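Chain A is fixed; fit chain B onto it per the hints.
Just so you know, the protein sequences line up as chains A and B, in that order. Under this note's numbering, the residue at position 94 of the first sequence is numbered 94, and the numbers go up by one with no gaps. Under this note's numbering, the residue at position 62 of the second sequence is numbered 62, and the numbers go up by one with no gaps.
It is worth saying that the hints were derived from the structure and are not from the lab. Each hint should be verified, as a subset may be incorrect.
[Stated by the list, open to error] Keeping only pairs whose Cα atoms sit at most 30 Å apart, straight-line, the calculated DSS-like set for lysine-lysine is:
(1) A/Lys113 with A/Lys181
(2) A/Lys210 with B/Lys152
(3) B/Lys113 with A/Lys81
(4) A/Lys77 with B/Lys113
(5) A/Lys84 with B/Lys117
(6) B/Lys81 with A/Lys117
(7) A/Lys203 with B/Lys81
(8) A/Lys210 with B/Lys172
(9) A/Lys84 with B/Lys150
(10) A/Lys203 with B/Lys210
(11) B/Lys217 with A/Lys181
(12) B/Lys28 with A/Lys113
(13) A/Lys117 with B/Lys214
(14) A/Lys181 with B/Lys181
(15) A/Lys77 with B/Lys28
(16) A/Lys77 with B/Lys214
(17) A/Lys24 with B/Lys152
(18) A/Lys217 with B/Lys84
(19) B/Lys203 with B/Lys69
(20) A/Lys214 with B/Lys214
(21) B/Lys69 with A/Lys77
(22) B/Lys69 with A/Lys210
(23) B/Lys77 with A/Lys210
(24) B/Lys150 with B/Lys113
(25) B/Lys217 with A/Lys65
[Claimed, not checked] Below, a sample of chain B positions facing chain A; criterion: calculated Cβ distance under 10 Å:
(26) Lys41
(27) Asn98
(28) Ser182
(29) Thr184
(30) Val209
(31) Cys233
Because the structure is a prediction, the values reported are computed rather than measured. Ideal Cβ placement from N, Cα and C applies to all residues, glycine included.
Number of protein chains: 2
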Amino acid sequence: MINRENGVACYQQLSQILIEQIEKGIFKPGSQLATEIELSKRYRLNRHTVRQAIERLEDEGLVYKIKGKGTFVASDKINYKVSKRTSFTTSILDVGLNPDARLLDSYEIAAGKELSKRLNIQSSDRVIVLEILRFVNKTPFCHTTSFLSKTKFPELRSLISGSFSLFGLLKKHYGVDALRKSSTFEVSMPESSDMDMLNISPKVPMLAVKSISKDQKGGMVEYCITKFRGDMCSVSVDFNGEGR
Amino acid sequence: MINRENGVACYQQLSQILIEQIEKGIFKPGSQLATEIELSKRYRLNRHTVRQAIERLEDEGLVYKIKGKGTFVASDKINYKVSKRTSFTTSILDVGLNPDARLLDSYEIAAGKELSKRLNIQSSDRVIVLEILRFVNKTPFCHTTSFLSKTKFPELRSLISGSFSLFGLLKKHYGVDALRKSSTFEVSMPESSDMDMLNISPKVPMLAVKSISKDQKGGMVEYCITKFRGDMCSVSVDFNGEGR
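Just chain A, same shape as in the assembly (with noise of 0.2 Å):
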């Protein structure tokens, strides 16, 4: 219980007390903590307090907040793995988890300088831009921005439904067998955007994977940015690993 005269904080105290309980296993990987009100009650400490504690394991990623839904046990990382050949449903299905993927939104842009760039095309060429966000065990899990030559994937919008793999439709119907070539990792803070598609709150740090791909003759195929949680996954790069 709270000790109020040895001098430690009382949040401290609390903010003790629920990671003892959390190691022993009384709240597991994954379930939800005990309410502010709860917790308030059963010590006797005010809301203010227990909202202190609760910040604390936040801080140090033991527990995370889902919108509307209240706090949860952070779990172990998952390890998203990479190589050449990597499609998240199957590094995802490798784990022992369950993937999927919805396309959240899709439209046409003109390629610009810097997209221009990326794909070797002219920046008056078109651009099909995919927003994709992609789940694991139904928690959102990353979000990624695809981009791609409209000229050689002129139908590519149409073709997507569903659930559904973009290197599949791109070998299925454009005879194109995609390898990743580069990717680049970066942290950085959520934006709001960021925030309300995979439900966390400003503290959660992103690891966003900035990744080339190209086709069997080094033609470029996609650029994309996926952004995951930060506090849900590490990512692995095998340099020898021809992945699958």
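Showing chain B alone in chain A's frame:
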């Protein structure tokens, strides 16, 4: 100047003014921002308002603080390239910058359960631990903790002095040609030791990279954890290149 009658909070107006000045190049990347006192005098604002405006820029990654030195304008991130063969030194020299390394500490421990698996040795075997701080243009850039088998590299600790290349020493003294096999990327918020070593505030997210290197015959050479300042760098992986 600040307009006190347009309904926009003064700190927001000031941060907008500073953003425009950074975009125009009045404050250049890497240079010091005007101090709180200067800004407070120039715009007739109290220190609290100025601090709020600077905090907003910090949250957006446009400026960063160095303890005891002041606030600086963020530069474009340094792109650190990683492949089978990369040394910190060559990767930083390749982008035209000036690398340096300092051995902070070296000691020996028993491998224990976790490290014995990583290094493929017995849990009672001794492990050499090297704590290395690396600099780019004299700014602390990343912190590496390296783990190597004491049996394989018995005198390693006594071979390190001044500026050094770890893989260079392994090659010269043990005939070992180390190759990177895998790297795992994660994001985390800094611990207090990270903040001290890298001179960063608690708001700067870290890019943590855990790597395994092996020798030509596939024997384990090194397991290391490098924590990069997330505001200063991105890390690129080339899935084809041998690097150097």
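Verification of the supplied hints:
no.: 1; hint: A/Lys113 with A/Lys181; in the structure: holds (22 Å)
no.: 2; hint: A/Lys210 with B/Lys152; in the structure: violated (38 Å)
no.: 3; hint: B/Lys113 with A/Lys81; in the structure: holds (24 Å)
no.: 4; hint: A/Lys77 with B/Lys113; in the structure: holds (20 Å)
no.: 5; hint: A/Lys84 with B/Lys117; in the structure: holds (27 Å)
no.: 6; hint: B/Lys81 with A/Lys117; in the structure: holds (20 Å)
no.: 7; hint: A/Lys203 with B/Lys81; in the structure: holds (28 Å)
no.: 8; hint: A/Lys210 with B/Lys172; in the structure: violated (37 Å)
no.: 9; hint: A/Lys84 with B/Lys150; in the structure: violated (35 Å)
no.: 10; hint: A/Lys203 with B/Lys210; in the structure: holds (23 Å)
no.: 11; hint: B/Lys217 with A/Lys181; in the structure: holds (26 Å)
no.: 12; hint: B/Lys28 with A/Lys113; in the structure: holds (24 Å)
no.: 13; hint: A/Lys117 with B/Lys214; in the structure: violated (36 Å)
no.: 14; hint: A/Lys181 with B/Lys181; in the structure: holds (17 Å)
no.: 15; hint: A/Lys77 with B/Lys28; in the structure: violated (39 Å)
no.: 16; hint: A/Lys77 with B/Lys214; in the structure: holds (25 Å)
no.: 17; hint: A/Lys24 with B/Lys152; in the structure: violated (38 Å)
no.: 18; hint: A/Lys217 with B/Lys84; in the structure: holds (23 Å)
no.: 19; hint: B/Lys203 with B/Lys69; in the structure: holds (17 Å)
no.: 20; hint: A/Lys214 with B/Lys214; in the structure: holds (29 Å)
no.: 21; hint: B/Lys69 with A/Lys77; in the structure: violated (36 Å)
no.: 22; hint: B/Lys69 with A/Lys210; in the structure: violated (34 Å)
no.: 23; hint: B/Lys77 with A/Lys210; in the structure: holds (14 Å)
no.: 24; hint: B/Lys150 with B/Lys113; in the structure: holds (16 Å)
no.: 25; hint: B/Lys217 with A/Lys65; in the structure: violated (47 Å)
no.: 26; hint: Lys41; in the structure: violated (31 Å)
no.: 27; hint: Asn98; in the structure: violated (22 Å)
no.: 28; hint: Ser182; in the structure: holds (5 Å)
no.: 29; hint: Thr184; in the structure: holds (4 Å)
no.: 30; hint: Val209; in the structure: holds (8 Å)
no.: 31; hint: Cys233; in the structure: holds (8 Å)
Violated hints for the displayed structure, listed by number in ascending order: 2, 8, 9, 13, 15, 17, 21, 22, 25, 26, 27.
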